[in-house]
Amino acid sequence: MARQRKHPLVFWVSALPPSLWLFGFFLAPLAIVWVLSFGEKRGLIDVEITWTLANYVRALDPLYLGVVAKSLWISGVTTVLCLMIGLPVALGIVFAPGRWKPILLFLVILPFWTNLLIRTYALIAVLRTRGYVNFTLEWGADTLGLPFEPLALLYNNAAVVIGLVYVHLPFMVLPLYAALDRMDKLLIEAALDLGASQLRAFVTIVVPLAVPGIISGVILVFIPALGSYLIPDLLGGTDSQMIANVIERQFKRANDWPFGAALSFLLMYLTFGALAIRSVLAKGDGGLEAK
Amino acid sequence: MPLFPNGRLSRRRFLAGTGAVAAGISILPRQGWAAEEAKLNFYNWDTYIGETTLEDFKAASGVDVKMDLFADNDELFAKLKEGNPGYDVIVPSNDFVERMIKANMLMPLDHKMIPNKANLQSAFLDAAFDPGRKFSMPYMWGTIGIGYRISKTDGVPDSWKWLLDSDRYKGKCALLSETTSVLGIVFKYMGHGLNASDPKIIKAAEELLIRQKPNIKLFAPDNGQDLLLSGEVDLTMEWNGDILQVMEEDNDLSYVVPKEGSVVWQDTLAIASGAPHPENAHKFINFLLGAEVGAGVAKVIQYATPNAAAKALMPDSYSKNPAIYPSDETLAACEALVYQGSDVVRLYNDAWTRIQSA
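Residue numbers (the numbering used here), protein chains in the order written: chain A, 7 to 297; chain B, 99 to 456.
In short, the hints are calculated from the structure, not lab data. Keep in mind that a hint or two might mislead.
[Said to hold, decoys possible] Each computed DSS-like pair below joins lysine-lysine, with the alpha-carbon atoms no more than 30 angstroms apart:
{"hint": "1", "chain 1": "A", "residue 1": "76", "chain 2": "B", "residue 2": "311"}
{"hint": "2", "chain 1": "B", "residue 1": "137", "chain 2": "B", "residue 2": "164"}
{"hint": "3", "chain 1": "A", "residue 1": "258", "chain 2": "B", "residue 2": "301"}
{"hint": "4", "chain 1": "B", "residue 1": "298", "chain 2": "A", "residue 2": "47"}
{"hint": "5", "chain 1": "B", "residue 1": "301", "chain 2": "A", "residue 2": "76"}
{"hint": "6", "chain 1": "A", "residue 1": "47", "chain 2": "B", "residue 2": "301"}
{"hint": "7", "chain 1": "B", "residue 1": "179", "chain 2": "A", "residue 2": "258"}
{"hint": "8", "chain 1": "B", "residue 1": "179", "chain 2": "A", "residue 2": "47"}
[What the hints assert, rightly or not] Derived CB-CB ranges, DEER-like:
{"hint": "9", "chain 1": "B", "residue 1": "265", "chain 2": "A", "residue 2": "193", "range": "54 to 64 angstroms"}
{"hint": "10", "chain 1": "A", "residue 1": "48", "chain 2": "B", "residue 2": "297", "range": "14 to 24 angstroms"}
{"hint": "11", "chain 1": "A", "residue 1": "40", "chain 2": "B", "residue 2": "149", "range": "46 to 56 angstroms"}
Quick reminder that beta carbons are idealized off the backbone N, C-alpha and C, glycines included.
Let the sequences and hints guide you as you build the complete structure.
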């Protein structure tokens, strides 16, 4: 590093490709969308940039703020559920015998080998009225001689949360594992030796040590879940629209790019807000950074 | 960048510009269509072609057809509006043909290359939405109605009320996801014409649908028949042929056009502007209008063919089926969607966005 700083040419040559990449594929397209958000539709396919704020005014309509609130709620519930499931799983892997660890981690990552779309369609087959969950329940009810009415598991908000938790769980487990694996296990032993119950040791020793992992995991789950589009589209019902679905509709079927652009930036400001809260939290904890 | 200087942004125009540059660079003048590669990109609805039609075309002409699927006209329009991504033959419905002609999204047809036009019923040789059939050939026609599970409904659900204004089948019904068709049907249910453009009526339709939303399970993108077949819903707003296709698999299903009337539509074969293989596209359209090919398609997809020669080859169970060829009385209550200009479409789309988000 020191050498690089002394040789400006080396610095610039090595910094140029990433900068161009960042500019060409991130900042420039984003700037176009930003400019679009101040446009007005003209006729069937044209947009005129008039620097109007009308799209933002429309985006702040209670109707769309309601969709934003619902998106925050659904991704919040998803994040909490991922944390509740992910923490025991991560702990389980940390305390597993050494030769099992790679296999268990591999199993966590395995779903990524299948396309998200296919996994989501598979969930449809599991959850639908004549799906595997209902088949199993029906079989159980028949065996016990109970009447059976299939449960409506698909096309509602619960289905969306199930889908989101399923897809985002690895993003919670991996950072938690990374944080917990570095933990000195003697600390837990000491706590137990000194008379703490299992629960007490978990709450006062393990959880605080896992905080960096929890923060990373929460960010890694919450932000993608907030912008998720495919899962509410495929698993949700008529009241399961999340903000990304409304945005997609503007860019495609509703044919209103300026409004879609304004909504996109609304979502982006929310994301920045979440990241800002994260850095405030990290500072407040006296530098408990994930890295 | 021609995007911002004059304040007007259109990627379509930008692409057209780059296309012109590319054409300028290419050295050889295009020798008609003689050198066209043996390929064709076909953008079609799901479950909307015969079982062997594409292979038969390949055997007859040597042209490989690659078929992509869209779920409704909104999707088709959205995909092509920013410039043709490479499709040759597309299948827009009547009002969208009108819309796409206005937006210069269709290529004029060369009728000399479509001799099988002679097979068409004379009523389909001209169309109000495309005078002189300059841009489109009829492919199939039909109605939108209610597909339902007989054992789960009280009698025949022959009113839109059951889908639009009742909680009798709460959580067991689905609507289509196509803006103009659904709103038009709501207008008809409320006693207006299918093509209402009065903002007050549009607002009332929006309120009715928002009120009904808790009772509706899904706005189904061209898969209502699957939801019906799998028992997910008991009633669904669908295109007739899609329901007829699943009725062959399940005797407990049926189809009815509600008494308030509905949409009568015509799907057409057209060539998208900027199509890379216009000659193959003409050949393919001509092929689909052949008597046996048309009958082969109709047999599978169970929609009404406008092809008189094909219809003559079909059994009575098809050509006398009231769900395929509705009675004059039913048809009299139905209307065709008419494109009403971008301002009204904007009102529709804004209402639809609010309905979806509410």
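**OP:** Could you check the hint for me, namely that residue 40/A and residue 149/B are 46 to 56 angstroms apart, CB to CB?
**Re:** The hint (46 to 56 angstroms, Cβ to Cβ) holds, given that residue 40/A and residue 149/B are roughly 49 angstroms apart.
**OP:** Measure nothing beyond the straight line between the CA atoms of residue 76/A and residue 311/B; if it is 30 angstroms or shorter, mark the hint as holding.
**Re:** 17 angstroms, holds
**OP:** Measure nothing beyond the straight line between the CA atoms of residue 179/B and residue 47/A; if it is 30 angstroms or shorter, mark the hint as holding.
**Re:** Distance of about 14 angstroms is within 30 angstroms: holds.
Original post:
Is the Cα-Cα distance between residue 298/B and residue 47/A 30 angstroms or less?
Top reply: 22 angstroms, holds
Subject >> 30 angstroms limit on alpha-carbon distance, applied to hinted pair residue 179/B and residue 258/A >> reply: Given pair residue 179/B, residue 258/A holds - Cα atoms ~9 angstroms apart, limit 30 angstroms.
Original post:
Are the Cα atoms of residue 258/A and residue 301/B separated by 30 angstroms or less?
Top reply: Measuring from Cα to Cα gives roughly 23 angstroms; hence the hint holds.
**OP:** State, for the Cβ atoms of residue 48/A and residue 297/B, whether the hinted interval 14 to 24 angstroms holds or is violated.
**Re:** Holds - the Cβ-Cβ distance for residue 48/A and residue 297/B, about 20 angstroms, lies within 14 to 24 angstroms.
**OP:** Please test the hint of 54 to 64 angstroms on the beta carbon pair from residue 265/B and residue 193/A.
**Re:** This hint holds: roughly 59 angstroms between Cβ atoms.
Original post:
Does residue 137/B pair with residue 164/B here, judged by a C-alpha cut-off of 30 angstroms?
Top reply: 8 angstroms, holds
Subject >> Pairwise hint evaluation, residue 301/B against residue 47/A, where the allowed Cα distance is 30 angstroms at most >> reply: 21 angstroms, holds
Original post:
Taken at face value, is the distance from the CA of residue 76/A to the CA of residue 301/B at most 30 angstroms?
Top reply: 24 angstroms, holds
Comparing the model with each earlier hint shows no violations; every hint is respected.
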